[in-house]
Amino acid sequence: MKQSLFPAIRIYLFFTILLGLAYPYLMTGISQVVFAKQASGEFLSRGGQLIGAKLIGQKFEKPEYFWPRPSAVDYNPLPSGGTNLGPTSADLKKAVDERRVKMKAANPDSVGEPPQDLLFASASGLDPQISVVAAEYQAPRIAKARKLPQEKVGDIIKQNTESRQLGILGEVFVNVLTLNLALDHAQGIDTAPVLLPVATPSATATPGPTESHTS
Amino acid sequence: MGFIDVVQFVLFVLLLTAITPPLGKYMAKVFEGERVWLSRPLGWLERLTYRFSGIHEKEEMNWKKYAVAFMLFNFVGIVFLTVIQMVQSRLPLNPQGLPNVSWHSAVNTAVSFVTNTNWQGYSGEVTMSYLTQMIALSVQNFVSAACGMAVAIALIRGISRRSSSTIGNFWADLTRCTVYILLPVCIIFTLVLVGQGVVQTFKPSIDVTTLEGLKQTIAVGPAASQIAIKMFGTNGGGFFNANAAHPYENPSALSNFLQMLAIFAIGAGLTYTYGIMTKARKHGWIIYGVMMAMFVGFTCISLYSEYSTNNLFHQAGMMEGKETRFGIFNSVLFSTVTTSASCGAVNAMHSSLSPLSGGIAMLNMMLGEIIIGGVGAGFYGIMLFILLTVFIAGLMVGRTPEYMGKKIEAREMTLVILAILAPCTAILVGTAISAIAPAGLSSLANKGPHGFSEMLYAYTSAAGNNGSAFAGLNANTLFYNLMLAVTMFIGRFAIIIPILGVAGSLAQKKYSPPSAGTFETDSGTFAILLVGVILIVGALTFLPGLSLGPIVEHLMMLKGQSF
Chain A
21 MKQSLFPAIR IYLFFTILLG LAYPYLMTGI SQVVFAKQAS GEFLSRGGQL IGAKLIGQKF
81 EKPEYFWPRP SAVDYNPLPS GGTNLGPTSA DLKKAVDERR VKMKAANPDS VGEPPQDLLF
141 ASASGLDPQI SVVAAEYQAP RIAKARKLPQ EKVGDIIKQN TESRQLGILG EVFVNVLTLN
201 LALDHAQGID TAPVLLPVAT PSATATPGPT ESHTS
Chain B
210 MGFIDVVQFV LFVLLLTAIT PPLGKYMAKV FEGERVWLSR PLGWLERLTY RFSGIHEKEE
270 MNWKKYAVAF MLFNFVGIVF LTVIQMVQSR LPLNPQGLPN VSWHSAVNTA VSFVTNTNWQ
330 GYSGEVTMSY LTQMIALSVQ NFVSAACGMA VAIALIRGIS RRSSSTIGNF WADLTRCTVY
390 ILLPVCIIFT LVLVGQGVVQ TFKPSIDVTT LEGLKQTIAV GPAASQIAIK MFGTNGGGFF
450 NANAAHPYEN PSALSNFLQM LAIFAIGAGL TYTYGIMTKA RKHGWIIYGV MMAMFVGFTC
510 ISLYSEYSTN NLFHQAGMME GKETRFGIFN SVLFSTVTTS ASCGAVNAMH SSLSPLSGGI
570 AMLNMMLGEI IIGGVGAGFY GIMLFILLTV FIAGLMVGRT PEYMGKKIEA REMTLVILAI
630 LAPCTAILVG TAISAIAPAG LSSLANKGPH GFSEMLYAYT SAAGNNGSAF AGLNANTLFY
690 NLMLAVTMFI GRFAIIIPIL GVAGSLAQKK YSPPSAGTFE TDSGTFAILL VGVILIVGAL
750 TFLPGLSLGP IVEHLMMLKG QSF
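Quick note, the sequences are listed as chains A and B, same order.
Per our numbering, the very first residue in the first sequence carries number 21; after that it's consecutive.
Per our numbering, the very first residue in the second sequence carries number 210; after that it's consecutive.
Because the hints were derived from the structure by calculation, they are not lab data.
Any given hint could be a false lead.
Straight line, CA to CA, 27 Å or less: simulated DSSO-like cross-link-like pairs of lysine-lysine [what the hints assert, rightly or not]:
#1 B:Lys768 x A:Lys114
#2 B:Lys412 x A:Lys57
#3 A:Lys113 x B:Lys768
#4 A:Lys167 x A:Lys178
#5 B:Lys273 x B:Lys616
#6 A:Lys82 x A:Lys113
#7 A:Lys74 x B:Lys412
#8 A:Lys74 x A:Lys57
#9 A:Lys22 x B:Lys274
#10 B:Lys273 x B:Lys719
#11 B:Lys424 x A:Lys74
#12 A:Lys82 x B:Lys424
#13 A:Lys113 x B:Lys656
#14 A:Lys82 x A:Lys164
#15 A:Lys122 x B:Lys424
#16 A:Lys22 x B:Lys267
#17 A:Lys22 x B:Lys273
#18 A:Lys114 x B:Lys656
#19 A:Lys82 x A:Lys178
#20 A:Lys124 x A:Lys113
#21 B:Lys424 x A:Lys79
#22 B:Lys424 x A:Lys57
#23 B:Lys424 x B:Lys412
#24 A:Lys124 x A:Lys172
#25 B:Lys488 x B:Lys719
#26 B:Lys412 x A:Lys79
Same shape as in the complex, but just chain A (with noise of 0.2 Å):
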C-alpha cells in the first residue's frame, strides 16, 4: 500500500502539471499566434463597439431584422443550454403552437406556415444559425419594414449563404448575425463590421480594432 501511494501521488503532481498548466498554457499561446481571431472568439465590431460574437446567437425581435430561432435561455449565455422538454411534453406542445400565432402575426404577407426551425428551441439556446427556408419565410416582413423591394432581401440572404463544408458535411443555413449586419449595410445604415484580432471589455471604450496577443 505505501509503497504505491508516494508514487501516487508524486505522479499525480506531475500530470497535473503538464497536462493542467503546461499543456493548456502551451495551446493558448500557439492558437493565439496562428488563429488569432477563432481563439478570440470572433467578435464583430462595428462603429467602434462591439455588436457580438459570430458564433453566438443573439435576441432580434424588431420586424427589421431576421429573427433566430427560440431560445431556452433568451440567448443569455450564462449557462447555455436547451429546454429539454420531452417529445410528449404538454409544456412544448402549447409554446410551440404560441410561437406558431406569434409568427404568422408578425409574417402576413409570407406563404405557408412557419419553418419548424423558428418554432422549436435550439439545444444551446445559442445557435447563430436558422435555415434557408426560415430566412426566405422572413422576407416579406422584412422587405416592408425597410422599405427594401424583396429581390433584394433575397439576394441578401443568397450572399450569406453557408453551403455544406466540404460539400458534403453538416446543413445549409444563413448566420443570422451577419445576415441582419449585411442588411443594415445594404442601406448605408452603419458602416461595415469589422472583425476583431482579440476582443478585451475594455475594447469597448476604445473605438477601432485592437492589435494586442496576449493569452
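Using the hints, position chain B against chain A.
For chain B alone, coordinates are given in the frame of chain A:
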C-alpha cells in the same frame, strides 16, 4: 433523410475503419514498450515522469499490486478534485470570481471525472473557474482515459502471457499512454478545433451590446485544449453547459464530424491492438465487425424513429433541442456515437429526441457500452461478453470452454458475472429508489413516462460512466449528487477490479493448443453468438425498465397524447 446523409454515414464508417489498423498498430508498440517514432521527441518526458515520481517502470506487477496502484492513483484524484473545487474562490485564474462549489456537488464531480463519466450536475461556464477546469477536470480527462487503457492492456497481457504471475506495470502503462498517445493527438486536435472556431483564451467573459441594443455577456475560456481530450478520451464533460451543442465547443459540421471520429478512434484501434498483441488479427477484426454491425443497426433504428412523424406536433424530424448546423442526421448520429462509446458529450439535447431515439441511447449504455465503448473500458467490456459467449458455447457442447488457448473456469466466470451484474444492479436499484423517494421525484422536469426516463437515463449514464443526460432532471441536489456518485463508482471500479482479477488468473494458466473440439472465435458463428448473448443479457435485464419509459412514451406519442 436524404442521399447526402447516407454519404456522411458511409464516410464516417469508412474513415473509422481506415484509421483503425495504423492507430492499433501504433498503440500495440507503445504498450509493448517498443520504440515508436515519437520516442525521439518525447522520450525525455516519459523518463522525467518516472524520475519525478520515483517509479521503477520495469518492475512487473501481479494483478493485486496492479489493482492497488490503480485504486490509489484514482483515490488521490478524487481527493484532489474535491478539494480544488471547494477552495477555487481563493485560487488564481478565476476571472469571473466564481464561488466555491458545494461539498456534495464537488464530490459528485470528482467521482464523475475520475471514473471517466463526466456526468455534470453543474453548468460549466457559471460554476468552474478556469483553474478548476484545467488542473482538476482537464487532467482527469487525460488520466482517467489512460487508466481505462491500462486496464484493457493488462487484460490483453493476461490473455497473451502464459504461466506468468504478472500483468505489467501500472505506472508505465499510464505514463506511456498519456505521453505517446493522448497528449500528441490532443495537441494536434486542439489546433484543428481552434481553427474551426473553438475558443482558447484566458480572457474573462466579454460584454457586448447587440444590434438591438441589448446587453449580452459571452463566456469564453481555455476550451479547445479540454475539448480535444474530452473526445479522444471519451470523457464528454463540456466546458460549457450546452456541451458539444455550444457554438464555442463545436462550431461547425467539420468540427462535429471530427469530434465523432475522435470519440471512436482509440476504442476502435484497440480491437486491432488486441489482434496484434495476441497474434489473432482475424479475431480482432471479428470484434470490430460485431461492434460496427450493432452500431449501424442501432443508428438506423434511431434515425428511423427520429424521422418518423410525431403525431402530437404533426412534425417529422423535430428540431427541438437540435442545432441548425448539425440538423437531424448529425444530431442522431452523434447521439448514438456518444452513447455507444462511453463519451457522453452531446450536440443535441437527448431529452428532446423522439422516444425511441432516446431509448436507443439508453440501450447503448445499458448493454455496457461495448460498441467501441470508452477508451479501454469498451474493450474490457466486450471481453466480458466474449468470455460469457465462449462459456455458453462450451456448455452447449459439454466441454471445458477455452479462449485463446486458456481454459475458462469457475473463478474467471464468477468474476465476469460479477462485473456484468454490478452496473445492471446499480441502474435498476438506483432508479427504483428514486421513483419512490420524494427527493428523487421532485427533480423531474417532464411528466408521464418521460419523467421516468429522466431517472432511468441518469442512473444508466452514471453506471455506464457515460455522462450524457436527459438534462431536464435537476441533478444538482444532495440526493442525486450522492446517489449518482455511488452509481458511478460502482460502474467503474466494480468492473475494473474483477477484470484485473480475470487478467491475473488467465496470465497464470498454461497454453493448451486448439483441438478439433475447440470453439473457433474467428468465425461468423462466433460473431452471431456474441451479438445474441449481448442482446439477450441486455434485453432480459432492461426490457421492463425501457417499457415503462421510452416504449410507452412512443405508443402514447402515436396516439397524440401529451403529458
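Legend entry - Hinted pair Lys424 (chain B) and Lys57 (chain A), Cα distance within 27 Å: Answer holds: Lys424 (chain B) to Lys57 (chain A) is near 22 Å, not above 27 Å.
Legend entry - Proposed proximity, Lys79 (chain A) with Lys412 (chain B) (alpha carbon, max 27 Å): Within the cut-off at roughly 24 Å; holds.
Inset, instruction - Measure nothing beyond the straight line between the CA atoms of Lys122 (chain A) and Lys424 (chain B); if it is 27 Å or shorter, mark the hint as holding. - result: holds, 24 Å
Legend entry - Given pair status - Lys412 (chain B), Lys424 (chain B), alpha carbons within 27 Å: holds, 18 Å
Inset, instruction - Please work out if Lys82 (chain A) and Lys164 (chain A) have their alpha carbons no farther apart than 27 Å. - result: holds, 12 Å
Legend entry - Pairwise hint evaluation, Lys274 (chain B) against Lys22 (chain A), where the allowed Cα distance is 27 Å at most: holds, 11 Å
Legend entry - Straight-line alpha-carbon gap Lys74 (chain A) to Lys412 (chain B), limit 27 Å: holds, 17 Å
Legend entry - Pairwise hint evaluation, Lys113 (chain A) against Lys124 (chain A), where the allowed Cα distance is 27 Å at most: The hint holds at about 17 Å.
Inset, instruction - Quickly compare the C-alpha distance for Lys113 (chain A) and Lys656 (chain B) to 27 Å and report which way the hint goes. - result: The hint holds at about 13 Å.
Inset, instruction - Could you grab the alpha-carbon distance between Lys82 (chain A) and Lys113 (chain A) and see if it respects the 27 Å cut-off? - result: Satisfied, since the Cα-Cα distance of roughly 25 Å is no more than 27 Å.
Inset, instruction - For the pair we were handed, Lys22 (chain A) and Lys267 (chain B), check the Cα-Cα distance against 27 Å. - result: holds, 19 Å
Inset, instruction - Would you mind confirming whether the straight-line C-alpha gap from Lys114 (chain A) to Lys656 (chain B) stays at or under 27 Å? - result: holds, 15 Å
The structure is consistent with each of the numbered hints, conforming to all of them.
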